[in-house]
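**Student:** Residue strings, one per chain:
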Amino acid sequence: NAGVTQTPKFQVLKTGQSMTLQCAQDMNHNSMYWYRQDPGMGLRLIYYSASEGTTDKGEVPNGYNVSRLNKREFSLRLESAAPSQTSVYFCASKKGYGSGYYEQYFGPGTRLTVT
Amino acid sequence: QQPVQSPQAVILREGEDAVINCSSSKALYSVHWYRQKHGEAPVFLMILLKGGEQKGHEKISASFNEKKQQSSLYLTASQLSYSGTYFCGTEIPGTYKYIFGTGTRLKVLA
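Line by line, the protein sequences are chains A and B. With the numbering used here, you'll find the first sequence wraps up at 388, consecutive numbering, no jumps. With the numbering used here, you'll find the second sequence wraps up at 116, consecutive numbering, no jumps.
Rather than coming from a laboratory, the hints here were simulated on the basis of the structure. Even for Gly, the Cβ is constructed at its ideal location relative to N, Cα and C. Heads up, some of the hints might be wrong.
[Said to hold, decoys possible] Selected chain B positions facing chain A (Cβ under 7 Å, derived; list incomplete): (1) Phe50; (2) Tyr104; (3) Leu115.
Could you build the full structure based on these sequences and the hints that come with them?
**Tutor:** Below, the structure is given as C-alpha cells:
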C-alpha cells in the first residue's frame, strides 16, 4: 500500500496562475481532508470530504476549490494564486467519520511558493 | 476555537520526562495526538475517547479529562527520536470538521 500520495511535491507559481494539487489514497477510506501549514505554524483545515460525494468548507476555504473525484481521489484547486497562499499543503484521509475513533493518515505534502 | 497547547516549546535532556497539555473552550468528545518531525507529515500517536477508551502506540501515554475539556500527553524517559512538534486535534461534534491545536515544539538533547 502506498497510503496517501500527493502530487506535485514542489511547485512555484506566479501570482494569478492556477493549479490543481492532487491527492489519492489506497486504503478505502471514507473521509479526506486538505490542510495548509505556514512556516512555524499549525495545521489549518481548508476543505474536507466526510464521504464520497460530499465536500465542506473548513477554517480557511477562501481562494480554494475542491473536487472529490471518487472515493480514492480528492483534489485542491487554486484558481488565481496569491503570495498569501505560499504554504505546505497536506492531504489526509481516515476510515470513518463522526465518532472521533479513527486516526488520520497524511500524505508527504506539497510545498507551494507563489511569487 | 482552536485548542490551546502548553507549553509552546520545551527542551529536554535524554531520559527526562515531559507533559504536553491541550485545552479546549468547547466540549471534547475525543482527542487525537500527532507528532510532526521537521519537514515531514504529521504521524498519529494516540486517540482518547469519552468513557476512557484509548488506542495508539504502546509506549505513549495520555489522559483525557472530559469535564475539564483537557488532555495531556506524557513522554517518559525521552529519546532523541521524540523531538518534533506535537499537535492535539479533535473532530468538532456534529460537523465532521477537524481542528488541530496550537502545537508544542519538543527538542531532546543528548
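**Student:** Tell me the numbers of any earlier hints that the structure contravenes, in ascending order.
**Tutor:** Violated: hint 3 alone.
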